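Asker: Sequence:
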Amino acid sequence: MSSHSTLMGMYDAMLAKLGPSRWWPGDTPFEIAIGAILTQNTNWKNVEKALDNIKDAGLLDARALHELPLPRLAELIRPAGYYNIKAKRIHNFLQFLKDEAEFDLESLKGGDLADLRPRVLSINGVGPETADCILLYALDYPVFVVDTYTARILGRHGLAWEDIDYHGLQSIFMDALPDDVALFNEYHALLVRVGGNWCRKKEGLCAACPLKPFL
DNA sequence: TTCCCGCGCT
DNA sequence: AGCGCTGGAA
39 MSSHSTLMGM YDAMLAKLGP SRWWPGDTPF EIAIGAILTQ NTNWKNVEKA LDNIKDAGLL
99 DARALHELPL PRLAELIRPA GYYNIKAKRI HNFLQFLKDE AEFDLESLKG GDLADLRPRV
159 LSINGVGPET ADCILLYALD YPVFVVDTYT ARILGRHGLA WEDIDYHGLQ SIFMDALPDD
219 VALFNEYHAL LVRVGGNWCR KKEGLCAACP LKPFL
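Under our numbering, the very last position in the first sequence is 253; numbers go up by exactly one each time.
Hints were generated in silico from the structure; no laboratory data involved.
Be a bit skeptical, because a hint or two may be false.
[Claimed, not checked] Computed list of lysine-lysine pairs in DSS-like fashion (alpha-carbon distance at most 27 Å, straight line): (1) 250 <-> 55; (2) 93 <-> 147; (3) 250 <-> 239.
Because the structure is a prediction, the values reported are computed rather than measured.
Working from the sequences, and respecting the hints, build out all of it.
Answerer: Structural data, given as structure tokens:
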């Protein structure tokens with residue numbers, strides 16, 4: 039069976055069992071981008087608390103956050119963990135927005151992905167996953183986001199080696215699937231839901247997993 | 001005690 | 001390749 043039909047079959051199975059994900063959680067592209075940095079190696083519940091703190095302070099705004107002293111920003115995002123380093127990373131991202139987009143994230147929509155992606159990746163603290171989350175979920179570029187869940191799920195299904203690198207894993211999907219923003223959006227969301235709820239790190243709950251037919 | 005939608009530095 | 005970064009929920 040071709041990798042295309044296998045990957046599409048897995049997608050269809052997850053969507054049928056779980057329903058649409060309505061990702062990324064967040065009301066604006068800017069909130070999505072900040073959430074993408076905050077959720078690095080961190081439970082989303084804790085990210086929500088950090089985002090709520092920023093909102094309650096009336097500071098979910100690129101210029102306002104950029105002017106905020108780092109210790110104050112760190113204090114607001116404390117529940118998300120790694121708060122000192124993430125405060126710097128958010129600031130680096132905001133500096134990029136100031137330099138390249140006059141603080142207007144959405145002005146980066148509709149350009150050339152091959153040109154924009156390396157510039158986003160050059161931000162210190164924004165690696166491939168965070169960059170691709172911003173590009174896909176905030177800016178609607180057709181790029182497939184992969185993460186540790188993706189590696190684990192494909193590894194356990196014999197579709198990839200566990201130590202495959204980011205680009206290799208991403209290529210498995212992007213070589214097999216059409217460039218479709220809505221498909222990439224929903225597929226990654228479904229993998230994260232399966233990774234967190236069934237394909238756990240320690241013990242997979244395979245019997246009840248939506249991907250059981252593909253094991 | 002484990003794990004969480006990583007990343008950069010050494 | 002290994003390690004520090006961190007709080008919060010299960």
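Asker: Please flag the earlier hints that this structure goes against, numbers listed from lowest up.
Answerer: none
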